[in-house]
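4 protein chains.
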Amino acid sequence: MTENRRVKTAIVGASGYSGEELLRLLLVHPGVELSVITSRQFAGQPLGQVFPRFAHYPQARGLNFVEPEPALIARGARMVFLALPHGVAAELAMPLLDAGCRIIDLSADFRLKSDAVYREFYGHPHPAPRLLERSVYGLPERYRASIQTADLVASPGCYPTSILLPVLPLVQARLVRPDAIVANSLSGVSGAGRKVELDYLFVECHESMRPYGVPKHRHLSEIEQEISNAAGQPVFIQFIPHLVPVNRGILTTLCLTPQPVLPDADARNRFNDQVAECYRDAYGHEPFVRLLSGKSLPDTKNVNGSNVIEIAWRLDARTGQLLIMSALDNLVKGAGGQAVQSFNLMNGLPETAGLL
Amino acid sequence: MTENRRVKTAIVGASGYSGEELLRLLLVHPGVELSVITSRQFAGQPLGQVFPRFAHYPQARGLNFVEPEPALIARGARMVFLALPHGVAAELAMPLLDAGCRIIDLSADFRLKSDAVYREFYGHPHPAPRLLERSVYGLPERYRASIQTADLVASPGCYPTSILLPVLPLVQARLVRPDAIVANSLSGVSGAGRKVELDYLFVECHESMRPYGVPKHRHLSEIEQEISNAAGQPVFIQFIPHLVPVNRGILTTLCLTPQPVLPDADARNRFNDQVAECYRDAYGHEPFVRLLSGKSLPDTKNVNGSNVIEIAWRLDARTGQLLIMSALDNLVKGAGGQAVQSFNLMNGLPETAGLL
Amino acid sequence: MTENRRVKTAIVGASGYSGEELLRLLLVHPGVELSVITSRQFAGQPLGQVFPRFAHYPQARGLNFVEPEPALIARGARMVFLALPHGVAAELAMPLLDAGCRIIDLSADFRLKSDAVYREFYGHPHPAPRLLERSVYGLPERYRASIQTADLVASPGCYPTSILLPVLPLVQARLVRPDAIVANSLSGVSGAGRKVELDYLFVECHESMRPYGVPKHRHLSEIEQEISNAAGQPVFIQFIPHLVPVNRGILTTLCLTPQPVLPDADARNRFNDQVAECYRDAYGHEPFVRLLSGKSLPDTKNVNGSNVIEIAWRLDARTGQLLIMSALDNLVKGAGGQAVQSFNLMNGLPETAGLL
Amino acid sequence: MTENRRVKTAIVGASGYSGEELLRLLLVHPGVELSVITSRQFAGQPLGQVFPRFAHYPQARGLNFVEPEPALIARGARMVFLALPHGVAAELAMPLLDAGCRIIDLSADFRLKSDAVYREFYGHPHPAPRLLERSVYGLPERYRASIQTADLVASPGCYPTSILLPVLPLVQARLVRPDAIVANSLSGVSGAGRKVELDYLFVECHESMRPYGVPKHRHLSEIEQEISNAAGQPVFIQFIPHLVPVNRGILTTLCLTPQPVLPDADARNRFNDQVAECYRDAYGHEPFVRLLSGKSLPDTKNVNGSNVIEIAWRLDARTGQLLIMSALDNLVKGAGGQAVQSFNLMNGLPETAGLL
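Protein chains in written order, with the numbering used here: chain X, 1 to 356; chain S, 1 to 356; chain G, 1 to 356; chain Y, 1 to 356.
Hints in this document: simulated from the structure, not taken from any laboratory.
Some hints could be false.
[What the hints assert, rightly or not] No farther apart than 30 Å at their CA atoms in a straight line, the calculated lysine-lysine pairs in the DSS-like style are these: (1) X:195 - G:195; (2) X:195 - X:113; (3) S:195 - Y:195; (4) G:195 - Y:195; (5) S:113 - S:195; (6) Y:295 - X:195.
Model the full structure from these sequences, guided by the hints.
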């Protein structure tokens, strides 16, 4: 891949944790020329001064933050990552698309297909409802073909990725009931973004474990949209997020109900085989899905820094429930890494470019 | 309370985390004369040398670890806390009881009423099955009267306490189905005990979140025993424990199914009131149960170091499920503190003595 | 101690970390009736609602935050703890003293004797310079007698306490040169106070170790004042503070130069004995100073939650330097606990009341 | 770089933290074919099973751990990284060298030039003293030319790297006295290696800060050897290591004495300029040394995961001392990354290959 084949790329909102992770990934991506990075707060300052940790990357030299002006961005880049707060991304998307850019949006702004659901969960009408049809939900393992040709990719949230990847194949194969899903998720503190709020101070988090956002976390809307699609019927999910004092990681545990009911050990053994086969079919060749076997269970320390999601399962013979556990890095497979995966697809690059 | 009214008390196995927590509590307990502390490993050494943190307590002066010999213990103490590994406690209990001691056992050895269930979960016959009838399950909020007169109290495990206190009143009031309980629990690393194993090294835990012990954790046996008793029918529980990088704390989230099904908003409102009333009746006057109201949710940092369990609940209108969340300190309400609560009851002391 | 002998006491600024620690200590102090707690932010709210962790203390019932009005405070309390930001305390002190209150101030406002030094380090003239003479530096191990009769005690900072207690006896005994002291200190994040700033977010601290405030941290002024007093000559100290991802604790390592130079092993042995004797004389009977012997070295986990400072020393035969290491809990011996020690002295209570 | 130009490389002792870090770096190094990985404990097991985190790397496929047999290693690899405990490396080095391998040793076995000093610090004679002359101290910024042609490189320790890189240029330029150096270092827990010992359990470290290994840590020997070389005279260093609850990182703070004494502000200004120039000359073009300017101070979170060392300095006008602060990742610049830097030099690759 020669230098002049690199894709001129912008990161808009490069000073939050997701934006910073995109910087980490794109500064060494062999197919990327990082040509524009924006930040209202740091406009005018060199990248290496704002983030000393990137100062020694050759690509960081001469790179200054600029204001997030659509015209400026479109002049410098063909591909644009939006790492902005929810609501802000939608305002920038239209002018950027009009200017010919292709967009990967890491916010929730374009993940929902229904304006009504958006309004229900976000409390106001969608600012650019027509773009909802145009956007593609950026889960490569599921929407690979559509992503390749999309000009607006809505990269999934970290919780949704940790739930959808394990659940969708089982629901689609009718192995589990879609209407009785309980998802418990633990998130590292970077999942809250770089918010300067009391709740996220070191001392308030360090020896703390706490649920939050129950019973109706915003991410539920995209989780239910995708599971409903796979199930062919509208479903509601029980979802309980928790905040845990680690920097990175999502650990999700799911309770699913096999269907039909498993009457005996034979049926359970057959079901176990079916689950294994279902996952092998869905993910056996996926570079970023690790199906754990033997006694291994997911552990966020084994995925942190990488774009991999780990998945393991156990059928509980006593309760008849299927337990699924997954682990991913909320900033990589749950944000920047998955977005880069879409970037690779959109640009005809190997899907793993810059991610291994 | 004058000095000569203090109860001569022993801690057997005072060098693990539960034993150390008992030391912290009993060294300043106004009704306790800590007369015997045992540790095979540290026998002969002064307390203040093994645990510098206790060296400045007046009661620590002159206190040396001794070998865990029943005759020695019985000579020096009337009340005995056993903070020993599972299986070891059972061997000491009989000679100590024969010698006239009253025992509070923090291990799992005497929590089950059924020898068969013990064998199923612990893999070998119970070493002293006749004591299973004699022991009282040391959950003061439930078995207060029996604890007062018991001579063998089996203090509950940390996970069971975090699940049973929120669940039992609702099951007994028939407000929820006893056969559809999903319990997700997060535990701090001290819950594993002072085990020198790779899994519990700092670096292996620090940026790690992981499930473990699925699908059949040993604590399930006592959880199911107590819920079955309250329900009047045998039940199986879905229980998923997780290890989280904090020193202390259990955070449990429960999904319960209201019964009968709630058809509409009116029914949900009535149910909400019933839950609130049920908890108020059960715990409104309990000194160590904090029912959270308003927007508050449990947080382990608000209970660490104290004997309090926090409980909050939310009815999820979308799924019809009742979410219960609880938080406690695994070493206090989940171990040493709850044991001291039983101690107070057994000795006619105020139940909160040494715990506020 | 009967109920009506309890001293009516106020905490002004009870919502920061130092104020919260005072709450923890005073709610169970046998000589205190906590009658007034102030907080601009939480005025009107019950204590148990703002800090759920205190809700179950009997003394917390009925206690509401009020505005920090001097008249209101003076009406309700004879003793007043000021746990306010630097500069704010000075404004409240005069009206409270005029109203007959005795004050223990946890800020830096009254620690310096020299208005000029205050101006040099704090950048503005002292708002109440005449009070500087009236105040007593609240280091009980050094100024016990003066504290007993003071009506304005300036409780020392956490860094100064960790440095002064080990250094002062050696300087006073002329065992070390006062003009060649290097102090490296590590502080937990609560030392920064409950400041909602980017630098103290969990993610910014969790895997971070960093120096800060070099070369001229404000605490230097009180450290140098006290060491100069002990030395009988003005001295400058090399002091380098670091931020470390723990909630609590100060760990200080000091390099001192013995005087005169130690020519040989015999001289070193004699010097070692002199240091031991010096410390034994100074602190052998102090309830809150733990002189470590044998191979033990200070560890913040052994002092956290207690009012104890640990001190150990090693003479380095290769460099001829004396290394001193100390550990304390910045919120207890470094703030609230030491203030309570002064409170006890001021009120004729046992010095350890409420602290053991 | 085509596939057949990759250098066949072995990691001996690939299951400790340094070995694991070498795996992380070498699995994606463009010039490396990782052909042999050894571990007594895991011999026969696939890499991806022992370390799930590496399972998805293409290079990890088919890679199994083998026994550390010299003949086996030499058959499969030309370059050998030894990531073994001290003492064990020396035994393997001779047969591997005899078999024609070139070695990069991450242990302390070949860092000292003097057998006598080795004996003093390690308590026994060196097992292969003749190799001490043959080895090159693997600090690329200092011994680049010698490393290129060496067949036995002794990669420096983490503490020494954090001290030597900032100190050597100043000592060599005679800007500071070589005989009055005080070095305080804070280390993350991975610095202790994957040792299953009580001291390194999560609960024992999590809220702990502690000095250790004073006054004569083994790393002093190589620090003093190198500074003595630069100074042209034997010197002793005051070195105080501390253990801090982070996974990775070394933060070092140095107090140095300018020479000659700086009489006034002018002299201090000139000295400041000289220090800046000295560092610019030494490191202005080094890819892995980041000289911080302005208000920036080193922070381990800005170097973790990278091969960079950050250096900042402040002249303290009050004490006349020069403060130097450095930060590096103990597993990268302090171990595996620096070893890879030497590997690149030894094989004519760009020095930054696989490290950016």
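Do the hints match the structure? See the list:
1. This hinted pair checks out: residue 195 (chain X) and residue 195 (chain G) have alpha carbons roughly 13 Å apart, not beyond 30 Å.
2. For the given pair, residue 195 (chain X) sits about 28 Å from residue 113 (chain X) by alpha-carbon distance, which is consistent with the 30 Å threshold.
3. This hinted pair checks out: residue 195 (chain S) and residue 195 (chain Y) have alpha carbons roughly 13 Å apart, not beyond 30 Å.
4. Straight-line distance between C-alpha atoms of residue 195 (chain G) and residue 195 (chain Y) comes to about 37 Å, which puts the hinted pair past the 30 Å bound.
5. A hinted pair counts as satisfied when its Cα atoms are at most 30 Å apart, and residue 113 (chain S) with residue 195 (chain S) qualifies at roughly 28 Å.
6. Pair hint residue 295 (chain Y) plus residue 195 (chain X) holds up; C-alpha atoms about 23 Å apart against a cutoff of 30 Å.
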